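S.K.: Going line by line, the protein sequences match chains E and Z.
If you use our numbering, the first sequence corresponds to residues 48 to 381, in order.
If you use our numbering, the second sequence corresponds to residues 48 to 381, in order.
Quick caveat, the hints were computed from the structure, so don't treat them as lab data.
As the structure is a prediction and not an experimental result, all values here were calculated from the model.
Some clues are possibly wrong.
The list treats identical chains as interchangeable, and a pair is accepted whether it falls inside one copy or across any two copies.
[As the list claims (entries may be wrong)] Under the rule of at most 25 Å between Cα atoms (straight-line distance), these lysine to aspartate or glutamate pairs were calculated in the DMTMM-like manner: (1) Lys266 x Asp92; (2) Lys266 x Glu123; (3) Lys97 x Glu368; (4) Lys121 x Asp267.
2 protein chains.
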Amino acid sequence: MSNRLGSQTLTFSKVPRLLSSYTIVGPLEGKGPHALDFDEILPDDVLDQKTPEKTERLILEMAIEKTLQQSNTKIEDVHFLIAGDLLNQITSSTLAASTYAAPFLGIYGACSTFAQAMGLGATLLQGDFAEKVLIGTASHYQTAERQFRYPIELNIQHISSNHHTVTGAGVALLGFANQGPQVTHATFGTIVDMGLKDSQDMGSAMAPAAFSTIKQHLKDTSRGLEDYDMVLTGDLGKHGRKMLRLLLSKEGFSGLERLQDGGSQIYGDHQKTGAGGSGAACIAVMGLGYALNMLKSGKARRILVVATGALLSALTVLQGESIPCIAHAVALEA
Amino acid sequence: MSNRLGSQTLTFSKVPRLLSSYTIVGPLEGKGPHALDFDEILPDDVLDQKTPEKTERLILEMAIEKTLQQSNTKIEDVHFLIAGDLLNQITSSTLAASTYAAPFLGIYGACSTFAQAMGLGATLLQGDFAEKVLIGTASHYQTAERQFRYPIELNIQHISSNHHTVTGAGVALLGFANQGPQVTHATFGTIVDMGLKDSQDMGSAMAPAAFSTIKQHLKDTSRGLEDYDMVLTGDLGKHGRKMLRLLLSKEGFSGLERLQDGGSQIYGDHQKTGAGGSGAACIAVMGLGYALNMLKSGKARRILVVATGALLSALTVLQGESIPCIAHAVALEA
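Generate coordinates for the entire structure from the input sequences, incorporating the hints supplied.
M.R.: As structure tokens, this is what we get:
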């Protein structure tokens with residue numbers, strides 16, 4: 048079991064790296080405090096498409112195209128495409144994958160998709176199964192809103208605990224090279240379900256999953272929070288972020304100042320987005336935008352990205368099920 | 048790239064094996080010609096649950112429980128649980144995974160889920176990432192019917208080209224042992240979309256994907272159809288099965304008598320199930336039931352299981368998208 052550490056963590060001694068990546072966000076995200084971290088800000092969130100689902104597919108394809116261009120890679124040389132999204136039957140990913148045909152692994156991890164894809168991609172590289180793996184995800188405010196919550200025509204306003212789905216896409220090409228940010232570990236989470244049922248407060252439901260995976264990652268790697276310049280959770284939002292801090296401090300962890308949260312930070316307070324951003328694209332664009340820029344600019348040497356997912360559906364909510372949550376973590380080094 | 052063969056196939060020299068498995072089917076499947084191949088036939092398809100979704104989750108949990116029991120394995124000793132299903136946000140799998148907590152990889156491949164999970168599981172074993180991997184999937188006629196097609200109360204009758212979703216679950220534990228059926232190769236498919244849009248004829252849409260993956264598998268492994276005692280496709284059904292034969296014979300492949308199709312064979316002609324069975328459980332129960340029994344009884348020495356998936360959603364059909372299809376293959380040896 049040379050590639051395992053402890054009970055949930057895989058180690059990547061062969062040094063898989065990010066060869067290239069591309070982030071796209073919508074106009075709202077482009078007015079937030081992290082605007083400069085993203086590669087492209089869309090002029091509008093429609094892009095001349097007839098439906099927002101078609102727009103979501105398109106921005107995923109745009110991000111794939113640019114990621115391949117940046118590393119001068121042809122899709123024929125990609126050994127696996129790993130992708131997923133929030134839509135029923137992950138159709139943004141499968142439709143995009145029919146344009147960019149490579150052996151395709153469709154995954155579903157809700158907003159944890161990015162880390163699941165990144166961890167799996169690094170695993171395929173470490174295990175001599177692939178030399179180049181493309182990973183990606185996308186989400187769109189309008190597609191998620193009408194599928195999971197309300198018809199967008201109702202223009203429902205945010206309450207303090209619910210999230211605003213990020214419109215965007217994040218794609219990365221993983222492979223081997225002499226330089227570039229490396230993926231050193233992946234910790235795949237178990238489902239954590241504390242019995243919470245409020246789909247308007249997914250941050251509180253997801254915080255215990257983030258706690259579980261962070262705790263296990265630190266145990267498996269014999270590290271502390273201080274060993275990371277930043278521990279970036281996906282989209283816990285303002286409530287979930289607090290809860291994670293509470294859980295960690297109750298168990299005596301120090302270094303809580305290293306914690307940051309993509310969802311809490313992607314929008315400014317003036318943007319009236321409830322608890323913050325969410326959606327599969329949230330941690331994808333914050334991870335490949337903000338976190339990667341920190342590594343590239345030398346502001347951080349080692350970052351843990353912890354993507355959390357609330358694995359509910361509109362139907363499970365109606366049927367009174369609680370919300371199973373999960374968090375997957377990937378450790379990145381400059 | 049020691050673990051790759053050709054452009055899409057992975058090879059498993061460390062000999063991952065099926066340590067145990069369990070198949071459950073509903074009453075209708077239990078009256079079909081393969082009844083004796085399944086471990087358990089349900090007395091009814093409700094099992095005292097309030098909704099069919101709750102039943103689907105339950106039978107997946109039952110199959111997990113029995114699979115673990117048979118090999119005397121605790122869930123704590125399982126390094127990964129890989130599962131997926133047809134429901135929006137794969138909620139049968141995520142809810143079952145909150146009962147059987149192991150590091151969880153949620154996947155979506157529609158009816159190709161079984162082979163995707165099996166191939167990924169063998170990959171994790173081959174790459175020294177795990178010693179035991181549990182894989183599973185489930186489907187239920189009523190949940191799929193009302194999600195993808197019509198309210199079940201309408202009691203819509205089958206036409207000759209559409210499918211009947213199999214009620215059932217199939218679970219397997221992969222690991223290392225001195226005996227038992229082994230997984231020797233996995234060929235992960237690319238998306239194939241020939242522009243077909245008729246969601247009432249998924250077999251015809253999926254056949255070109257099965258053809259693509261079989262052709263690539265044979266090329267990568269330098270094998271012919273004759274090298275397999277059986278090539279078992281998932282759920283092409285009566286129309287799709289014909290189309291696959293046509294495609295293979297047009298390209299000069301011999302050995303077409305090795306082809307069998309789970310969907311075409313799981314029900315008897317008298318059962319009025321249209322083109323045959325489909326659903327994520329179809330190839331799972333036929334693969335872990337029928338195919339495994341062939342290997343165990345010595346009737347077959349080598350079998351290729353080719354699970355096909357139609358990656359549509361109710362929404363993509365309404366929005367006029369064509370149906371992206373995929374096929375993943377795993378080679379099994381006695």
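S.K.: Look at each hint and say if it fits the structure.
M.R.: Hint by hint, here is what the structure shows:
1. Lys266 x Asp92: Result: close neither inside a copy nor across copies, 42 Å intra and 44 Å inter.
2. Lys266 x Glu123: between (40 Å within a copy, 17 Å between copies)
3. Lys97 x Glu368: Classified as between; 12 Å across copies, 34 Å inside a copy.
4. Lys121 x Asp267: between (37 Å within a copy, 21 Å between copies)
Going down the numbered hints, you'll see the structure goes against just number 1.
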